[in-house]
Amino acid sequence: MSRVRVLVGTRKGAFVLESDGKRDRWDVSGPHFAGWEIYHVKGSPADPNRLYASQTSGWFGQLIQRSSDGGKTWEPVGNKFAYEGTPGTHQWYDGTPHPWEFKRVWHLEPSLDDPETVYAGVEDAALFRTSDGGQNWEELPALRQHKSGPGWQPGAGGMCLHTILLDSHHPERIFVAISAAGAFRSDDSGKSWRPINRGLRSEFLPDPEVEVGHCVHRIAMNPKRPDVLFMQKHWDVMRSDNAGDSWQEVSGNLPTDFGFPIDVHAHEPNTVYVVPIKSDSEHFPLEGKLRVYRSKTGGNEWEPLTKGLPQRDCYVNVLRDAMAIDSLDSCGVYFGTTGGQVYASADAGDNWAPIVRDLPAVLSVEVQTLQ
Amino acid sequence: MIRVVLPPHLRTLARISGETKLEVAGQPTQRSVLDALEASYPMLRGTIRDHDTQRRRPFVRFFACERDLSHELPDTPLPDAVASGAEPYMIVGAIAGG
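Residue numbers (my numbering), protein chains in the order written: chain A, 1 to 371; chain B, 1 to 98.
Hints are computed from structural coordinates only; laboratory data are not their basis. Each residue gets a CB set at the ideal place from its N, CA and C atoms; glycine is no exception. You may find that some hints are simply not true.
Stated by the list, open to error - Just so you have them, the derived chain B footprint on chain A, three or more residues with Cβ under 8 Å:
| id | region |
| --- | --- |
| 1 | 44-50 |
| 2 | 56-64 |
Claimed, not checked - Using C-beta positions, here's what the derived DEER-type ranges look like:
| id | chain 1 | residue 1 | chain 2 | residue 2 | range |
| --- | --- | --- | --- | --- | --- |
| 3 | A | Phe204 | B | Glu19 | 47 to 57 Å |
| 4 | B | Gly26 | A | Tyr315 | 57 to 67 Å |
| 5 | B | Phe59 | A | Phe204 | 44 to 54 Å |
| 6 | A | Gln371 | B | Arg67 | 54 to 64 Å |
| 7 | A | Ala34 | B | Asp50 | 34 to 44 Å |
| 8 | A | Ala353 | B | Glu66 | 28 to 38 Å |
| 9 | A | Asp27 | B | Ser17 | 22 to 32 Å |
| 10 | A | Gly157 | B | Glu72 | 32 to 42 Å |
| 11 | A | Arg25 | B | Arg55 | 42 to 52 Å |
| 12 | B | Glu72 | A | Ser281 | 16 to 26 Å |
| 13 | A | Phe204 | B | Asp75 | 47 to 57 Å |
| 14 | A | Glu172 | B | Gly26 | 52 to 62 Å |
| 15 | A | Asp280 | B | Phe59 | 28 to 38 Å |
| 16 | B | Pro8 | A | Pro208 | 41 to 51 Å |
Generate the whole structure from the sequences, applying the supplied hints.
Spelled out as structure tokens, the structure:
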């Protein structure tokens with residue numbers, strides 16, 4: 001019988017939630033790494049018992065933890081993230097030059113076929129890779145050294161590389177997204193990069209259609225159709241049908257198109273999920289109603305999903321890495337909130353129930369579908 | 001034998017309960033004690049001082065014998081009471097709520 005394992009990173013530790021394929025009863029373990037910020041936990045597609053976690057602290061810096069038994073036990077591995085060469089400067093919030101400084105790992109993306117290989121997206125924005133299970137990390141420096149790099153600027157959460165997408169159809173292709181530089185694509189395993197932001201429009205920029213400088217919050221794809229990408233930008237939900245070469249807005253009838261996470265149904269590549277948030281100055285759901293919006297048409301036409309979600313007095317946020325999709329026949333959708341709830345739907349979003357209600361603020365949610 | 005007290009999060013990380021005791025050859029300094037600590041507990045590398053510059057992390061302080069040694073040069077000898085094991089060398093995280 002299939003099972004699912006939900007990996008939750010929070011402000012005060014990691015939690016592992018497990019259920020059988022019905023997804024109505026859950027075993028909760030944790031907190032792992034109690035008291036530390038866990039930005040992200042993710043399992044290897046090639047070996048589901050191999051997990052990696054980004055553990056970080058303002059006091060003691062960055063750690064990477066690795067599990068080889070599905071999260072029962074963990075061991076710290078390498079935590080040295082050194083930029084290659086002299087990293088130079090990017091722009092600070094006020095437009096002045098600011099030295100590139102490593103702060104933390106936001107996102108870990110294990111290789112699709114090798115459990116020892118993992119990509120790490122870090123703040124200040126850069127991409128690192130390990131090929132020995134996390135013992136040693138090396139920067140793929142061409143991204144940070146892109147000619148636009150000195151002009152990159154942080155978003156409010158820092159200048160973070162938060163999204164890494166690998167493409168099983170094009171093994172040398174990598175997509176990344178950086179707040180607030182935008183989206184980039186490599187077609188040669190990270191040796192070179194190009195911005196893929198044509199069609200994005202950000203009114204807060206002096207040139208709203210500039211090539212680099214957009215605050216992309218999240219990109220998602222269905223792995224079976226990797227040329228079609230969906231993006232939650234600071235404002236605007238976007239779609240690309242050509243691997244990011246160009247984008248068009250698909251916000252359609254959303255009540256607000258500001259938000260953080262976006263994800264795609266495992267079996268229906270035109271079914272997309274977002275969580276609209278009131279605005280960039282009020283990071284909570286519109287009207288105090290927590291609603292996931294689903295489009296079954298690849299955008300533009302959206303329906304609110306509310307059954308089982310609080311529809312009054314709800315003022316949590318859902319962060320960019322805090323939504324995930326399982327691949328069971330009846331596709332499961334999961335998201336975590338800054339109020340510490342992790343909600344699950346076992347029927348593609350029609351009905352929701354909290355798995356847990358009172359965790360620390362949730363930073364990230366991933367799910368593994370296990371046989 | 002040098003007695004070292006770690007903050008709770010680093011004790012958990014290093015799987016230490018209470019103090020740890022380290023053998024340090026010669027006149028102990030902050031550098032030699034931290035080198036010995038990281039050699040015994042490699043998972044602590046990067047958590048107290050920077051991997052490359054060896055600079056103390058900003059929210060970490062070093063206390064001993066009711067003195068703040070955080071701004072002493074790393075090769076300054078530690079107080080005799082620390083060298084003799086009468087007093088511990090304390091690695092302290094800044095106080096914070098939340």
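Hints, verified against the model:
1. 44-50: violated (count 0)
2. 56-64: holds (count 7)
3. A:Phe204 with B:Glu19: 47 to 57 Å: 53 Å, holds
4. B:Gly26 with A:Tyr315: 57 to 67 Å: Holds, since Gly26 (chain B) and Tyr315 (chain A) (Cβ atoms, about 59 Å apart) stay within the stated range.
5. B:Phe59 with A:Phe204: 44 to 54 Å: 33 Å, violated
6. A:Gln371 with B:Arg67: 54 to 64 Å: Roughly 60 Å apart at Cβ, these two residues keep to the hinted range, so it holds.
7. A:Ala34 with B:Asp50: 34 to 44 Å: Distance hint for Ala34 (chain A), Asp50 (chain B) is violated at roughly 25 Å.
8. A:Ala353 with B:Glu66: 28 to 38 Å: 55 Å, violated
9. A:Asp27 with B:Ser17: 22 to 32 Å: Between Asp27 (chain A) and Ser17 (chain B), where Cβ atoms are some 28 Å apart, the hint holds.
10. A:Gly157 with B:Glu72: 32 to 42 Å: At 36 Å between Cβs, range holds.
11. A:Arg25 with B:Arg55: 42 to 52 Å: 50 Å, holds
12. B:Glu72 with A:Ser281: 16 to 26 Å: 46 Å, violated
13. A:Phe204 with B:Asp75: 47 to 57 Å: Hint holds: Cβ distance 50 Å, inside 47 to 57 Å.
14. A:Glu172 with B:Gly26: 52 to 62 Å: About 53 Å separates the Cβ atoms of Glu172 (chain A) and Gly26 (chain B), which means 52 to 62 Å holds.
15. A:Asp280 with B:Phe59: 28 to 38 Å: Holds, since Asp280 (chain A) and Phe59 (chain B) (Cβ atoms, about 30 Å apart) stay within the stated range.
16. B:Pro8 with A:Pro208: 41 to 51 Å: 49 Å, holds
Going through the hint list in order, the structure does not satisfy hints 1, 5, 7, 8, 12.
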